[in-house]
Structure formats: structure tokens, C-alpha cells
Amino acid sequence: MPKQDKATPAGIAKGAVPMVELWRGDRLESVHQGHAVVMRADGEIVESWGRPDVVIYPRSSCKMVQALPLVESGAAKGLAASQLALACASHQASAAHVQMVTRWLADLGLSDDGLRCGAAPPGDQAERDRLICTHAEPCQSHHECSGKHAGFLTLNRHLGGGSEYVDPDHPVQRSVRAAFEEVTGQTSPGYGIDGCSAPNFATELQGLGLAMARYATAKDTAGDSRNRAMAQLRDAMMAHPDMVAGHAKACTNLMRAANGRAAVKTGAEAVFVAMLPKQGLGIALKIADGGIRASEAAMTGLLQRYGAIDPADPVVAQYLGPLRNRRNLVVGDTRLAAGFA
Numbered sequence: 001m002p003k004q005d006k007a008t009p010a011g012i013a014k015g016a017v018p019m020v021e022l023w024r025g026d027r028l029e030s031v032h033q034g035h036a037v038v039m040r041a042d043g044e045i046v047e048s049w050g051r052p053d054v055v056i057y058p059r060s061s062c063k064m065v066q067a068l069p070l071v072e073s074g075a076a077k078g079l080a081a082s083q084l085a086l087a088c089a090s091h092q093a094s095a096a097h098v099q100m101v102t103r104w105l106a107d108l109g110l111s112d113d114g115l116r117c118g119a120a121p122p123g124d125q126a127e128r129d130r131l132i133c134t135h136a137e138p139c140q141s142h143h144e145c146s147g148k149h150a151g152f153l154t155l156n157r158h159l160g161g162g163s164e165y166v167d168p169d170h171p172v173q174r175s176v177r178a179a180f181e182e183v184t185g186q187t188s189p190g191y192g193i194d195g196c197s198a199p200n201f202a203t204e205l206q207g208l209g210l211a212m213a214r215y216a217t218a219k220d221t222a223g224d225s226r227n228r229a230m231a232q233l234r235d236a237m238m239a240h241p242d243m244v245a246g247h248a249k250a251c252t253n254l255m256r257a258a259n260g261r262a263a264v265k266t267g268a269e270a271v272f273v274a275m276l277p278k279q280g281l282g283i284a285l286k287i288a289d290g291g292i293r294a295s296e297a298a299m300t301g302l303l304q305r306y307g308a309i310d311p312a313d314p315v316v317a318q319y320l321g322p323l324r325n326r327r328n329l330v331v332g333d334t335r336l337a338a339g340f341a
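Residue numbers (the numbering used here): 1 to 341.
These are computed hints drawn from the structure, not numbers from a lab.
These figures come from a predicted structure and were not determined experimentally.
Straight-line alpha carbon distances no greater than 25 Å define the calculated SDA-like cross-link-like pairs of lysine to any residue that follow:
{"hint": "1", "residue 1": "LYS14", "residue 2": "ILE292"}
{"hint": "2", "residue 1": "LYS219", "residue 2": "GLY185"}
{"hint": "3", "residue 1": "LYS219", "residue 2": "GLN279"}
{"hint": "4", "residue 1": "LYS77", "residue 2": "LYS219"}
{"hint": "5", "residue 1": "LYS249", "residue 2": "ARG59"}
{"hint": "6", "residue 1": "LYS249", "residue 2": "SER82"}
{"hint": "7", "residue 1": "LYS278", "residue 2": "SER82"}
{"hint": "8", "residue 1": "LYS249", "residue 2": "ALA81"}
{"hint": "9", "residue 1": "LYS77", "residue 2": "HIS170"}
{"hint": "10", "residue 1": "LYS77", "residue 2": "THR102"}
{"hint": "11", "residue 1": "LYS278", "residue 2": "HIS240"}
{"hint": "12", "residue 1": "LYS249", "residue 2": "ARG335"}
{"hint": "13", "residue 1": "LYS77", "residue 2": "ARG228"}
{"hint": "14", "residue 1": "LYS219", "residue 2": "GLY74"}
{"hint": "15", "residue 1": "LYS278", "residue 2": "ARG261"}
{"hint": "16", "residue 1": "LYS249", "residue 2": "GLY118"}
{"hint": "17", "residue 1": "LYS249", "residue 2": "GLY332"}
{"hint": "18", "residue 1": "LYS14", "residue 2": "ARG59"}
{"hint": "19", "residue 1": "LYS249", "residue 2": "PRO311"}
{"hint": "20", "residue 1": "LYS77", "residue 2": "LEU159"}
{"hint": "21", "residue 1": "LYS278", "residue 2": "GLN232"}
{"hint": "22", "residue 1": "LYS77", "residue 2": "GLY162"}
{"hint": "23", "residue 1": "LYS278", "residue 2": "ASP310"}
{"hint": "24", "residue 1": "LYS14", "residue 2": "GLY43"}
Make the full structure from the sequences, and use the hints.
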């Protein structure tokens with residue numbers, strides 16, 4: 001299997017276009033450049049900015065693809081929709097997230113030691129406070145990717161693989177790579193190791209957008225097992241946005257505002273994807289400098305542009321619009337750059 005992708009940072013910056021601007025007073029203070037593409041499931045590019053052929057690591061934005069073999073294989077039989085959403089999650093490690101992972105592992109006859117994502121402090125303040133007050137250490141179930149890893153372990157039991165399921169040559173990761181290449185329509189040029197120790201396969205941005213369009217158009221009531229599996233994962237994300245991220249997080253907030261019109265997922269280094277079932281469209285974007293504030297603003301703008309979020313919804317102001325200081329004074333604003341969205 002090919003190893004690490006040889007793409008350079010300059011490759012990400014080349015051809016990037018202004019997408020998000022930060023203004024303070026009447027002066028432009030910062031500009032974030034990037035790439036974005038809107039795709040149909042037949043491969044048509046509806047709109048693009050920058051280079052749709054730029055090669056990226058999708059990072060956590062592709063977790064619904066990493067979960068595809070879990071559902072398609074039948075290994076997920078008996079799992080609740082909330083568990084499927086958690087398998088696609090970058091969660092905050094709230095009590096609800098951690099308890100679901102812990103119960104899931106117990107149902108597999110495993111403990112926290114079976115995970116290979118590593119321990120991480122929880123993002124959820126209440127859970128962090130609980131650990132401090134009880135003098136407890138964070139465990140692997142607190143890792144934001146522990147739901148995805150519980151899914152990997154469930155698939156691994158079905159496949160009969162060894163315990164090191166994050167090894168790129170393990171049957172779990174071979175099945176993930178095969179699914180990833182099939183739904184993106186591209187042979188991956190290589191992989192990098194993600195923060196959770198699993199391989200993350202590179203692809204062109206338009207390949208990621210194509211995968212999202214295929215998820216957007218999938219039907220749970222017809223078609224082959226892959227089509228049904230994609231629909232189940234997409235619908236689980238929309239039905240349980242709290243499991244996909246958590247309160248005050250962009251994925252959860254934007255999906256709540258979309259109210260069934262979009263499933264969205266962010267990834268590290270400012271990758272963001274969306275599936276729009278009504279329009280049958282997939283969206284993928286990458287901010288060249290890795291600025292998460294810009295990817296959240298850009299995705300908010302695109303969701304408005306394609307009718308998935310009402311521009312008057314209060315959630316929009318969290319990512320686009322006036323900037324306020326600690327005294328609640330308006331000191332500037334976040335804008336989409338001219339020519340984008």
C-alpha cells in the first residue's frame with residue numbers, strides 16, 4: 001500500500017482564492033483563501049472556486065465514508081441510529097458521548113483498552129470539571145474520534161481481524177480504503193496518519209465533493225446495500241446532530257438550523273463537507289491556511305446559497321456577520337469575499 005502523500009503545503013496554496021474576510025472598523029484585517037466545489041452525483045461540477053483538483057487529506061470530514069464498511073457489511077445490525085451518528089462524529093466527550101462509547105464497547109465485550117485512538121481531555125466543560133473534581137484521568141473514550149473507533153471495532157469483530165485495527169494493512173483499513181476510493185471515484189495517492197492514529201486517505205477535493213453528492217442522493221428504501229448504507233449514515237447524522245459534535249459546535253449548530261436539509265461534517269485543518277438531499281448536491285471545501293473560523297464561515301455561506309439554511313436564522317450570525325468584543329460592542333465583521341458564494 002502506498003505510504004504518506006508527497007503533496008507539499010505550496011500545493012494547497014496554489015490557485016486558492018479569497019473566500020472569507022475579517023474586517024475591523026473600515027479596514028480589511030485578514031483574508032482566508034481556499035478551494036470549494038459543489039458536485040452532482042453524476043460527476044458534474046455545479047460550481048467551483050479555486051482548484052477542485054487540489055489534493056487534500058479530508059481528515060475527519062470523511063468519517064461517514066470511514067463508517068461505510070461498518071454498515072454496508074451488515075456488521076452494524078442492531079446498532080441504533082444514534083450510534084451510527086457517533087461513528088461519524090468528532091464529539092466533545094460530553095457525558096452522553098462517553099457513556100454511549102462505553103456501553104458500545106461493553107456490548108462488544110471490550111473495555112477502553114481495546115481502543116487505539118489514545119486518551120484525550122474532553123472538550124465538554126462539564127465532563128472536564130467532573131474529571132478534575134474526582135481526580136480522574138481522561139481515557140480513550142474521551143477522544144473525539146472514539147465513536148468512529150467503536151465502529152472500527154464492530155467491523156473488526158465482523159471481519160475477524162487482529163487487535164491493531166488502525167494498521168493501514170489491517171482488514172478494517174483495507175475495507176475503508178476500498179470504500180473511500182469507490183465513492184470518491186479516485187485511486188488515493190496515499191495516506192497520512194490522523195490524530196486518532198488511523199490512516200487518512202488523500203483525494204482531490206472534487207472526489208470528496210462527489211462522495212458527498214452520492215451520499216446526498218442515496219435512498220434507504222431502494223438500491224443496493226451501499227446505497228442504503230450511505231442513506232442510513234446521512235440520515236443518522238441529521239437525526240442526531242448532538243452526537244456528531246455537541247453543543248456550541250458548528251456541525252451540530254448548522255444541522256439543527258438546516259432541520260433535515262443538510263448533513264455536514266468538519267475536519268481538522270479547515271476541511272468542511274455537506275450533503276444536501278433535497279438538491280442532490282455534495283459540497284467540499286478546504287481553507288488553505290487551516291483556519292477553522294474561515295471554513296465555518298464559508299460553509300455557512302454555501303448552505304445559505306443552496307437553500308439549506310435560512311439567512312435569517314440566528315445561527316448564521318455565529319459564523320458570519322458582526323464581530324463583537326467583550327463589552328458586546330460591534331467592532332467589525334466576518335464576510336464572504338467578493339466572488340465567493
